[in-house]
Amino acid sequence: MEKTAAETNHAAPVAEQAGMPGLHKAIFAVLLAFLVVLPFLVYPVFAMKVMCFALFAAAFNLLLGFGGLLSFGHAAYFGGASYVAAHAAKVWGLTPELAVLCGTAAAAVLGLAIGALAIRRQGIYFAMVTLAFAQMVYFFSLQVPFTGGEDGIQSVPRGDLFGLIPLEDNVALYFFVLAVTFGGILFLYRIVHSPFGQVLKAIRENEPRAISLGYNVNRYKLMVFVLSATFAGLAGALKSQVFQLSSLTDVHWAMSGEVVLMTLLGGMGTIFGPLVGAAIIVTMQNYLATFGAWVTIIQGVIFVIGVLLFREGIVGVISRWIKRPL
Amino acid sequence: MFELLGIPPQVLLGQLLLGLINGSFYAVLSLGLAVIFGLLNIINFAHGALYMAAAFVAWMLLEYLGIGYWPALILAPLIVGAFGVLLERTMLSRLYHLDHLYGLLLTFGLALIIQGLFRNYYGISGLPYQIPEALSGGRNLGFMFLPNYRAWVVVASVLVCFGTWFMIEKTRLGAYLRAATENPVLVGAFGINVPLMIMLTYGFGVALAGFAGVLAAPIYSVNPNMGADLIIVVFAVVVIGGMGSIMGAILTGYMLGLVEGLTRVFYPEGSAVVIFVIMAIVLLIKPEGLFGRTA
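So the sequences go chain by chain: A and B.
Going left to right, the first sequence walks through residues 1 to 326 as the numbering used here numbers them.
Going left to right, the second sequence walks through residues 1 to 295 as the numbering used here numbers them.
Everything labelled a hint here was simulated from the structure, so no lab data went into it.
Computed from a predicted structure; not experimentally measured.
Heads up, some of the hints might be wrong.
Stated by the list, open to error - To give a feel for the contact side, a few chain B residues facing chain A, derived at Cβ under 8 Å:
#1 L62
#2 R94
#3 G116
#4 F276
Unchecked claim - Not everything, but these chain A residues come out facing chain B in the computed CB check (under 10 Å):
#5 A127
#6 L142
#7 L308
To be verified - To be clear about the criterion: a stretch of chain B counts as covered by chain A if any three or more of its residues have a C-beta under 8 Å from a C-beta of chain A, and this derived list gives those stretches:
#8 96 to 108
#9 158 to 166
#10 226 to 238
#11 265 to 274
We treat Cβ as the ideally placed atom computed from N, Cα and C, and that holds for glycine.
Hey, can you work out the whole structure from these sequences and the hints?
Written out as structure tokens, the structure is:
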């Protein structure tokens with residue numbers, strides 16, 4: 001039988017004990033404490049960008065690392081939600097939380113439509129189908145008037161949270177973004193460690209056996225696809241609020257590639273890998289921005305090295321050293 | 001002159017010809033992908049980048065060495081094919097025991113590197129490449145004007161596709177290849193050097209992309225992004241056709257080019273997405289692809 005991508009990647013034995021293991025609790029606590037002081041140490045917008053991409057990569061990892069499905073078109077949900085949220089905030093004048101919800105809902109619907117078609121093929125075809133549909137969303141975004149074509153949707157107002165708390169200030173917005181992304185990542189953690197997550201794992205390891213046990217495999221695949229698309233959308237919608245901008249970059253295939261890279265680098269099928277990968281890639285882009293095309297080349301090199309020598313990713317390697325799932 | 005649904009025949013035939021040209025590129029590229037996939041079980045994401053690289057090689061041969069179109073049509077695919085062999089030996093061959101997805105990720109990384117390098121050194125504005133003298137101009141067919149070079153692209157692509165089909169389906173070498181696709185271990189046990197065959201197959205698939213790149217150079221300006229968007233459409237073509245059959249890949253390529261051309265006449269806004277819409281319909285009706293075999 002063929003091995004799935006995540007199977008080769010020392011998948012962690014999860015959810016053997018009830019509740020969150022102490023180590024994970026400690027890491028989440030330290031991470032939260034760090035993130036609370038972070039906006040006073042670095043530029044808050046940069047920190048918010050990292051958090052948005054961390055949520056995006058974690059959502060993508062739910063599908064690849066835990067569902068064993070490689071989508072090469074996650075930019076469609078990220079960028080699609082970003083457009084809808086920006087439109088909702090700017091044209092409909094919705095408050096930030098409602099705008100983000102609109103964007104997220106749009107990503108869920110898009111994920112349902114594309115997912116229902118894509119799960120009809122497996123493996124390599126699945127990747128090509130998702131990529132092709134994402135390209136369709138890209139062309140669509142290029143042509144329809146509401147996205148603003150090449151210009152995108154600019155100067156999106158940040159508005160007042162619940163109509164009460166103004167988010168113009170970067171630090172205020174930071175804590176909104178922190179609450180949503182951290183909550184989102186904890187929710188994804190919960191999904192992975194739920195009975196639903198266990199069924200996903202069973203399907204990933206041995207699909208025919210899961211079918212013979214009576215699981216409706218396609219329904220599970222579609223559910224995880226929609227969940228992943230929804231959280232990718234949540235990340236994209238937040239990003240449009242942070243940068244007050246929604247553009248074609250967010251729906252381009254290069255964005256789909258970036259999220260794959262973040263997950264691969266951090267460690268597929270690990271809890272913390274995507275967060276580490278996102279932090280590294282975003283930081284790298286930030287420092288190398290002046291080098292133009294070199295950023296693409298370096299990303300390509302990381303891909304090649306990652307696939308050839310380093311398939312477990314950073315967190316995967318650490319997890320193996322300390323013999324504990326991370 | 002007659003008119004069809006209010007569309008003058010010149011417009012219709014002109015767009016059909018354009019569609020046939022795009023179809024030629026779809027056919028040659030998806031053929032290369034299918035040949036590689038058959039033996040290596042890898043989807044070559046770098047296919048578009050190598051197609052672009054061959055167009056640049058043709059341009060460089062002319063610019064730096066004064067080597068013209070006709071030698072370049074042979075040389076550039078050979079150079080790019082040799083580069084493909086190098087990639088296969090040094091990198092891809094390490095991944096055969098793993099999931100197919102790693103091959104996709106690796107070749108995606110390679111595509112980023114190749115595109116990034118060309119973008120760095122040649123910018124994104126595009127470089128002109130002259131149509132060779134023998135094929136410049138065109139002829140008036142009475143009902144439409146046919147540029148010679150475009151006719152040549154169609155003829156050349158049909159010849160290459162037919163040649164590849166003939167080699168794989170009708171010769172002894174092709175029989176080895178098909179046998180190795182079915183069961184590489186058994187073929188190896190008969191004393192056939194399967195790793196060598198895999199290496200040359202990848203090189204050949206890449207050379208096909210290179211051939212398409214040189215054909216494309218005089219039509220489109222030579223620029224680093226020419227392969228990136230094309231390859232995604234070709235992926236959709238491959239999903240529609242299914243990679244099980246060589247002839248299927250070729251026919252699907254031409255057919256979808258024509259459909260795209262027709263869409264440009266009757267509903268121009270839809271021409272960029274029509275292939276993706278067809279892909280959605282095929283997934284609904286016949287998920288394994290028009291010429292695909294059920295796994």
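Here is how each hint holds up against the structure:
no.	hint	result
1	L62	violated, 24 Å
2	R94	holds, 6 Å
3	G116	holds, 4 Å
4	F276	holds, 4 Å
5	A127	holds, 6 Å
6	L142	holds, 8 Å
7	L308	holds, 6 Å
8	96 to 108	holds (count 9)
9	158 to 166	violated (count 0)
10	226 to 238	holds (count 7)
11	265 to 274	holds (count 3)
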